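**Student:** Residue numbers (the numbering used here), protein chains in the order written: chain A, 11 to 54; chain B, 356 to 629.
None of these hints come from the bench; they were simulated from the model. Incorrect hints may have been included.
Chain B regions said to be covered by chain A (calculated; three or more residues, Cβ under 8 Å) [unchecked claim]:
#, stretch
1, 416-426
2, 520-529
3, 590-599
Taking CB as the label site, the calculated pair distances span [as the list claims (entries may be wrong)]:
#, chain 1, residue 1, chain 2, residue 2, range
4, A, ALA27, B, TRP490, 14 to 24 Å
5, B, PRO409, A, PRO52, 25 to 35 Å
6, A, ALA30, B, ARG613, 39 to 49 Å
7, A, PHE25, B, VAL412, 39 to 49 Å
8, B, GLY605, A, LEU18, 27 to 37 Å
9, B, VAL491, A, THR37, 30 to 40 Å
10, B, ALA617, A, PRO52, 10 to 20 Å
11, A, ALA29, B, LYS448, 15 to 25 Å
12, A, ARG44, B, TRP490, 38 to 48 Å
13, B, ARG615, A, ARG44, 38 to 48 Å
14, A, ALA30, B, ARG604, 22 to 32 Å
Just so we're clear, the structure is a prediction, and the values are computed from it rather than from any experiment. By construction, the Cβ of each residue, glycine as well, lies at the ideal position given by its N, Cα and C atoms.
Below are the chains, spelled out letter by letter.
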Amino acid sequence: MDHIGFILPTYLITFAAVAALAWRVITRGRSLARQLPDEDKPWT
Amino acid sequence: MAITAPTTSGSPAGAARAGGPVVLHTGTRFTRWLGILTIASMALVAAFGLVFSPPDVVQGEGVRMLYIHVGTIWVAYVAFVVTALASAGVLWKRRSSALTLDRIAGASAEIGVVFMALTLLAGALWGRLSWGKFWVWDARVTTTAFLFITYVGYLAVRGLGGSHQQRARRSAVVALLAVLEIPLVHFSVKLWRSVHQDASVADRTSNVTLDGLMLFTLMLSLVAFSLLFVWWVLHRQRVLAMQDALDDRGLDLALAERRREAQADAAIERGGAH
Numbered sequence: 011m012d013h014i015g016f017i018l019p020t021y022l023i024t025f026a027a028v029a030a031l032a033w034r035v036i037t038r039g040r041s042l043a044r045q046l047p048d049e050d051k052p053w054t
Numbered sequence: 356m357a358i359t360a361p362t363t364s365g366s367p368a369g370a371a372r373a374g375g376p377v378v379l380h381t382g383t384r385f386t387r388w389l390g391i392l393t394i395a396s397m398a399l400v401a402a403f404g405l406v407f408s409p410p411d412v413v414q415g416e417g418v419r420m421l422y423i424h425v426g427t428i429w430v431a432y433v434a435f436v437v438t439a440l441a442s443a444g445v446l447w448k449r450r451s452s453a454l455t456l457d458r459i460a461g462a463s464a465e466i467g468v469v470f471m472a473l474t475l476l477a478g479a480l481w482g483r484l485s486w487g488k489f490w491v492w493d494a495r496v497t498t499t500a501f502l503f504i505t506y507v508g509y510l511a512v513r514g515l516g517g518s519h520q521q522r523a524r525r526s527a528v529v530a531l532l533a534v535l536e537i538p539l540v541h542f543s544v545k546l547w548r549s550v551h552q553d554a555s556v557a558d559r560t561s562n563v564t565l566d567g568l569m570l571f572t573l574m575l576s577l578v579a580f581s582l583l584f585v586w587w588v589l590h591r592q593r594v595l596a597m598q599d600a601l602d603d604r605g606l607d608l609a610l611a612e613r614r615r616e617a618q619a620d621a622a623i624e625r626g627g628a629h
């Protein structure tokens, strides 16, 4: 594939950034959920 | 899979009896299925974008960057419009639901900023490939960067001090002003002379010009990134809700402590007077 040095980094950076930030949201949610009673979690 | 609190009995029921939290995550059955669907659709975007879709007659293999570049800017636009709609709701309602809308606005703006940054990054790489430069002071590129900076500013305004209600109303006004930039960015290629390409899917006469598989891959990308946005907003606004709840609890504890100190001081003064 031509220009793979541009195309592959575009995909890798996008997917890696999204995965890392999504993981951070999940872990932050787990951390906060330990500190609060369930009545402060309206989605439960 | 539910994540449960460590308890003396080692079970969620034990945690409930002990009065501790049972739910230790921000997920629901819906968001779990949505997450699985998002990962699957993203994998398909990578497969079709990198392998199955054909090269373009003009841009060759470089067209594969379109599926990321357009997908990310689409989510950024949607995120900023959701921020504006939720912010309008904040100013419209003055009850507790306004804070929920404010958190949706904040979560959506954060995600929009992330995707706008990814758009600029992918655009820089694509620009180097197509125009020979990572950056040009083109109308579309410059207005997009300006929109990105505006929403970074919006997030900064959200981080200023004050009560949650003050944060909600203050940032809602900024969001309703910031969203006005989106038409400027979108139509910048028509308003000014630009090296950036016009609409990707259809030409000026609304005729679809993309090859079938390329069009399918682009639509798949829009759907996959949209699913990701919904999943992310749901989780992030729940995290923000818990942060607000913890702030409130911290404030309540500080007020109670201050009241106790004031009562103790008053008792000492009364004792001194006798």
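**Student:** Does each hint fit the structure? Answer for all of them.
**Tutor:** Results of checking the hints against the structure:
1. Counting residues of the stretch 416-426 of chain B whose beta carbon lies closer than 8 Å to any beta carbon of chain A gives 6, which reaches the threshold of three, so the coverage claim holds.
2. With 0 residues having a beta carbon nearer than 8 Å to a beta carbon of chain A, the stretch 520-529 of chain B misses the requirement of three or more and the stated coverage is violated.
3. Here's how the stretch 590-599 of chain B fares: 7 of its residues keep a CB closer than 8 Å to some CB of chain A, so the rule of at least three is met and the hint holds.
4. Separation of ALA27(A) from TRP490(B) is about 20 Å and conforms to the stated range, judged on CB atoms against 14 to 24 Å.
5. As the Cβ distance of PRO409(B) to PRO52(A) is approximately 48 Å, the hint placing it in 25 to 35 Å is violated.
6. For ALA30(A) and ARG613(B), the Cβ-Cβ distance of about 41 Å falls inside the hinted range of 39 to 49 Å, so the restraint holds.
7. Range check, PHE25(A) to VAL412(B): Cβ separation about 28 Å, and the 39 to 49 Å hint is violated.
8. A beta carbon spacing of about 46 Å between GLY605(B) and LEU18(A) contradicts the range 27 to 37 Å that was offered as a hint.
9. VAL491(B) and THR37(A) have their C-beta atoms about 39 Å apart, which keeps the hinted 30 to 40 Å range intact.
10. A beta carbon spacing of about 34 Å between ALA617(B) and PRO52(A) contradicts the range 10 to 20 Å that was offered as a hint.
11. With their beta carbons about 35 Å apart, ALA29(A) and LYS448(B) fall outside the hinted range of 15 to 25 Å.
12. Between ARG44(A) and TRP490(B) the C-beta distance comes to about 44 Å, which sits within the given range of 38 to 48 Å.
13. Range check, ARG615(B) to ARG44(A): Cβ separation about 27 Å, and the 38 to 48 Å hint is violated.
14. Separation of ALA30(A) from ARG604(B) is about 30 Å and conforms to the stated range, judged on CB atoms against 22 to 32 Å.
Taken one by one, the earlier hints fail for this structure at numbers 2, 5, 7, 8, 10, 11 and 13, listed in ascending order.
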